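Protein sequences appear in the order of chains A and B.
Going by the numbering used here, the letters in the first sequence line up with residues 10 to 468, in that order.
Going by the numbering used here, the letters in the second sequence line up with residues 3 to 191, in that order.
Hints listed in this document are in silico derivations from the structure and should not be mistaken for laboratory results.
None of these values were measured; they are calculated from a predicted model.
Where a beta carbon is used, it is the ideal one built from N, C-alpha and C, also for glycine.
A portion of the hints provided could be inaccurate.
Some chain A residues near chain B, calculated using beta-carbon distances under 7 Å [to be verified]:
#: 1; residue: L12
#: 2; residue: I16
#: 3; residue: L20
#: 4; residue: R21
#: 5; residue: R22
#: 6; residue: P24
#: 7; residue: S25
#: 8; residue: E27
#: 9; residue: Y30
#: 10; residue: E32
#: 11; residue: P136
#: 12; residue: G388
Residue-level listing of the chains:
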Amino acid sequence: MSLDDQIESALRRQPSDEPTYDEPVTALGAASGAVQPLRATTRARLRFRGRSWLAGLAALVALVAGIVAIGPRFQSSSTLVGAAPQQIQCRGWNDSNFSPDLLAGPGSAEKGTSEAAGALRQFVSSPYASGFPDHGWHLVEDAPNRLVFVARAQNGDAPDYVEVELNRGAPKGGQFTANGWSVGAYGSCTLRSVPPPGFVSALWGLDPAFPFTPGATELHILVDPETCTSGKAIAADRIQVGVAYVGALVMVTVAARPPDGAQSCQLTIGSSTPYVVKLDAPIGNRELQDGGSWPAETRASGGRVFVPATPTPTPSNWRMPTDCTGSIDATGFFKAASMSASYDVYCAVLPKGWSVATGDNPELAASAPLTVVYKGPAGETLTLEEGKFGEAAGAEVLRVGPEIGTGSFGDRTGTLGGSGGSYYVYTPPDGHAMWTASCTGMTPDDFRTLAAALIVVAK
Amino acid sequence: MLTDRAFAIGETVALGDSEAGNERALQLLYQRRSQEMFGFARRLGLADEDASDAVQETMLRLWRELDSGTDVADPDAWAFRVLYRLTVDNHRLRGRLRGLAERLRPPRAANDRDGLDGDPARRIDIDAVWQAVDGLPERQRAVLYLRFRADLPYERIGLALSISASAARGHASKGLASLRGRLTQEDRP
Chain A
10 MSLDDQIESA LRRQPSDEPT YDEPVTALGA ASGAVQPLRA TTRARLRFRG RSWLAGLAAL
70 VALVAGIVAI GPRFQSSSTL VGAAPQQIQC RGWNDSNFSP DLLAGPGSAE KGTSEAAGAL
130 RQFVSSPYAS GFPDHGWHLV EDAPNRLVFV ARAQNGDAPD YVEVELNRGA PKGGQFTANG
190 WSVGAYGSCT LRSVPPPGFV SALWGLDPAF PFTPGATELH ILVDPETCTS GKAIAADRIQ
250 VGVAYVGALV MVTVAARPPD GAQSCQLTIG SSTPYVVKLD APIGNRELQD GGSWPAETRA
310 SGGRVFVPAT PTPTPSNWRM PTDCTGSIDA TGFFKAASMS ASYDVYCAVL PKGWSVATGD
370 NPELAASAPL TVVYKGPAGE TLTLEEGKFG EAAGAEVLRV GPEIGTGSFG DRTGTLGGSG
430 GSYYVYTPPD GHAMWTASCT GMTPDDFRTL AAALIVVAK
Chain B
3 MLTDRAFAIG ETVALGDSEA GNERALQLLY QRRSQEMFGF ARRLGLADED ASDAVQETML
63 RLWRELDSGT DVADPDAWAF RVLYRLTVDN HRLRGRLRGL AERLRPPRAA NDRDGLDGDP
123 ARRIDIDAVW QAVDGLPERQ RAVLYLRFRA DLPYERIGLA LSISASAARG HASKGLASLR
183 GRLTQEDRP
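Construct all of the structure, not just a fragment, from the sequences and the given hints.
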């Protein structure tokens, strides 16, 4: 690697003297008045006082936060939530609802001769829109001064869609402008059915604690609202469920009212709410779908729990997240990461005394490297990095310590290196992912053993 | 090839007119960028607490902008621009000098791993490069951080630092050349 490459590679990494920044941005809601800075004894913190919508802003130190209790199981036959999505939206973007019919067929809005179509073409070919597709765009909102385009992403990674908003006229900030149109929002678009006013979308899955019984009229599910909940399960009485029976299809759609007060958007783990849906009739052999996502996702079919089709049979090395070392939170963490990522997510099975120290947002594992740090009883550390990073992202990586042979990262073979108690093993890239384990305070044999015992979390 | 991290992370980044859009974008901006904003402020010389305050103040100013109805379509560049201005505020001169002095101490010995975060695959050489960055002029430091650590293209760096894209590219080029010289010099016996 040339010196230039080494410098650029180093500049992309976090220097060791830069502490991890985990300060929350504090938000207080449900009050009116001006925004005021709040300075604590030793340092400033911000106190947002304003409209209730800000209550959902990331917050860890919630001075007047509503504490969300985990409610009892709640039976409901509510139909407040639309069961079949007449309108969909990019998640959370409540003022841009549109019919899913608008996404039918191959999009070609970018081929138009209008000034807006020209602006779209220029934008998607600009540095701002790196990774956006250059064709296949659908016009889903067509107001005189505002257009919204949606296209299917083509990189093969979740999320599946991207969006671009064009506003007529000159921008107020420094955003992209062309042909009299300026770009507003742009980025990924996770399509959801539109929740009722005051609610957010929620996804659900069958509760594994209750075997699916096609003849029963109670459906046990776990609900995951798509909002910040400080890592806690949302109260059951904030959940609304709609059930539609359409021919051979039963579609269950769930929405949730966000918890009151400031909520943390940091690690959201182990936060599903158990819920019991009362059905008018047994599901039987009909197809059971989650109507919250679009397209709807099948949960059961033919009287059996539906397992999504995969290009290859389920790998034999898949293990349940409960096998991972760590608390129940860690179990949720790895499950969330595994479901989010397109690659295999590994976790460690470690001797007594080890625990999970830190982990990145598992929901972002599809697009950001997943990092998990374990700490041992004598201060040892074991760090796993997984996903699109390093060589898998086309970057050169500096590794400290000589390469000393081959080692295993779970069922993968990699390169072992290091010295003086600090060792690493990294695999060659597999598609857009690679895997690295590293340690401190361990012997090479101990590290080699622990790295080889890593397991793949089932999706 | 560098990619737009705002897109790579998979979420909408621009701030729309809707309240939900604003909330979502604020959340995502903080999730995606707070570490880099903090590091950026430190790299420009702020002590840890001042850097943390600057990040918080930047978020507060962004919220105020949105609350007043202003469109902020490139929040990453906007945030780094505000942060940059905060860090060059004369009132923070003392803190900046203190923070910089702390980082200009002699480097650790190669076998001194105390205080590292335990990943032997990414340290020491990386730190030497960053230590050399600390000796560069402020504008070069800022551009190198935004280009490589924050993964911003030069067009957006220009927006953040209120300079042209070509000027940003020039600062990066000069900064890299200086780093090459300094690191090569350090390697000599």
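These are the hints, each one checked on the structure:
Residue-level restraint check for L12(A) holds (minimum Cβ-Cβ distance to chain B is 6 Å; threshold 7 Å). The interface hint given for I16(A) holds, since its Cβ lies 5 Å from the closest Cβ of chain B, which is under the 7 Å cut-off. Given the 7 Å rule on beta carbons, the hint for L20(A) holds: about 4 Å separates it from the nearest Cβ of chain B. Residue-level restraint check for R21(A) holds (minimum Cβ-Cβ distance to chain B is 5 Å; threshold 7 Å).
Because the smallest distance between the Cβ of R22(A) and any Cβ of chain B comes to about 5 Å, under 7 Å, the interface hint for this residue holds. Satisfaction of the interface hint for P24(A) is found here, the shortest Cβ-Cβ separation to chain B being roughly 4 Å, below the 7 Å cut-off. Given the 7 Å rule on beta carbons, the hint for S25(A) holds: about 5 Å separates it from the nearest Cβ of chain B. Look at E27(A): its Cβ gets to within about 5 Å of chain B, closer than 7 Å, so that hint holds up.
Because the beta carbon of Y30(A) sits about 4 Å from the nearest beta carbon in chain B, less than 7 Å, this interface hint is met. Nearest Cβ of chain B to the Cβ of E32(A): about 5 Å, under the 7 Å cut. The hint holds. For P136(A), the interface hint holds, since its Cβ comes within 7 Å of a Cβ in chain B; the closest pair sits about 4 Å apart. This hint is violated: G388(A) has a C-beta 10 Å from the nearest C-beta of chain B, more than the 7 Å allowed.
The structure is inconsistent with hint 12 alone, although it conforms to all the rest.
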